[in-house]
Amino acid sequence: MAESHALFAACHEGLVRYLAGAVGHRETARDLAQDVFVRVAAADTLPATDEGRRAWVFHIARNIAIDHHRRQQLRHVEGIVEEPAAGAADSADTALIVNQALASLDDLARDVFLMREVAGLSYGEIAEACHLTPDAIRSRIHRARLQLRKHLQRPITAARAHPMRAGLR
Amino acid sequence: MHDVISAFLDNEPFDPAELSASLATPEGRDLLLDLVALRAVVQPAGLMPVSAPARGRLVYWGVAAAAAVVILASGYVVGRQSAPDSVASQAATTITAPEPTSVFKFEPGKNWTDSTQAGGN
Numbered sequence: 001m002a003e004s005h006a007l008f009a010a011c012h013e014g015l016v017r018y019l020a021g022a023v024g025h026r027e028t029a030r031d032l033a034q035d036v037f038v039r040v041a042a043a044d045t046l047p048a049t050d051e052g053r054r055a056w057v058f059h060i061a062r063n064i065a066i067d068h069h070r071r072q073q074l075r076h077v078e079g080i081v082e083e084p085a086a087g088a089a090d091s092a093d094t095a096l097i098v099n100q101a102l103a104s105l106d107d108l109a110r111d112v113f114l115m116r117e118v119a120g121l122s123y124g125e126i127a128e129a130c131h132l133t134p135d136a137i138r139s140r141i142h143r144a145r146l147q148l149r150k151h152l153q154r155p156i157t158a159a160r161a162h163p164m165r166a167g168l169r
Numbered sequence: 001m002h003d004v005i006s007a008f009l010d011n012e013p014f015d016p017a018e019l020s021a022s023l024a025t026p027e028g029r030d031l032l033l034d035l036v037a038l039r040a041v042v043q044p045a046g047l048m049p050v051s052a053p054a055r056g057r058l059v060y061w062g063v064a065a066a067a068a069v070v071i072l073a074s075g076y077v078v079g080r081q082s083a084p085d086s087v088a089s090q091a092a093t094t095i096t097a098p099e100p101t102s103v104f105k106f107e108p109g110k111n112w113t114d115s116t117q118a119g120g121n
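Chains as they are written, first to last, in the numbering used here: chain A, 1 to 169; chain B, 1 to 121.
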């Protein structure tokens with residue numbers, strides 16, 4: 001049980017970020033993260049490696065997000081975009097556009113992109129979580145980025161007007 | 001095509017020759033910059049860590065509490081060091097009770113409430 005707690009704590013932040021992107025709503029993401037925890041805590045045994053454990057947790061999270069979509073029949077997120085940070089109209093606009101762009105991706109493309117980009121999983125971990133090969137993940141993440149690049153051309157152009165960090169990770 | 005750029009950005013293994021070939025084209029270089037910008041666009045927009053604002057407040061109060069502790073501790077230490085030693089030692093050794101200005105003696109059987117006797121007002 002303590003092992004499950006530690007694993008969940010280690011994954012929690014990335015998990016909520018992934019779920020927030022997957023379902024388009026922060027509070028719902030928190031609730032779903034708790035559902036993930038319940039399933040993690042109920043498991044008799046955990047995968048042997050750290051990488052395997054993270055992949056397993058995100059595999060559970062992905063299934064829970066899919067179940068949530070099925071229940072809610074929630075295929076677009078215009079109405080439930082996250083509340084903007086205080087006084088940040090531009091951020092709210094960008095959040096809306098980003099959420100719309102994410103919603104335009106197919107489920108798998110969105111999942112692999114979010115697991116990589118906001119949860120920080122490696123290609124190997126994502127491959128394990130989604131039952132694909134790392135090469136397939138590499139290809140799908142890239143395709144997701146190309147799609148998002150099309151949808152987000154305006155904010156991307158705006159971002160390029162300022163100094164950037166490569167953010168390699 | 002160009003997915004080597006994604007692998008490079010994600011710190012995953014990549015073929016240097018393939019990356020070099022990709023970046024040799026204007027499209028490849030433009031894509032690299034766009035993907036870096038995409039990362040920046042996606043991160044702060046709708047996908048901030050949910051704990052970020054709460055963490056910010058915690059850090060703020062943590063710093064404030066630490067500053068208060070430091071200020072109190074500094075005040076205590078400075079006060080201890082700057083106070084003359086004699087003050088504390090005098091308080092312990094030389095201060096004695098004042099001499100009595102009058103002495104009352106209780107005499108058994110005497111009526112202290114009788115104002116007609118000597119000494120009453």
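One thing to keep in mind: the hints can contain errors.
Unchecked claim - Have a look at the derived ranges for each label pair, beta carbon to beta carbon:
1) Ile71/B - Ala161/A: 41 to 47 Å
2) Ala158/A - Pro26/B: 19 to 25 Å
3) Arg71/A - Ile71/B: 39 to 45 Å
Stated by the list, open to error - Chain A stretches covered by chain B per the calculated footprint, using a threshold of three residues with CB under 8 Å from any CB of chain B:
4) 117 to 123
5) 144 to 153
6) 162 to 168
In case anyone wonders, no lab produced these hints; they're calculated from the structure. No residue lacks a Cβ here, since even glycine has one placed at the ideal position from N, Cα and C.
Now for the hints, and whether the structure bears them out:
no. : hint                           : in the structure
1   : Ile71/B - Ala161/A: 41 to 47 Å : holds (44 Å)
2   : Ala158/A - Pro26/B: 19 to 25 Å : holds (21 Å)
3   : Arg71/A - Ile71/B: 39 to 45 Å  : violated (54 Å)
4   : 117 to 123                     : holds (count 4)
5   : 144 to 153                     : holds (count 4)
6   : 162 to 168                     : holds (count 5)
Violated hint: 3 only; the structure is consistent with all others.
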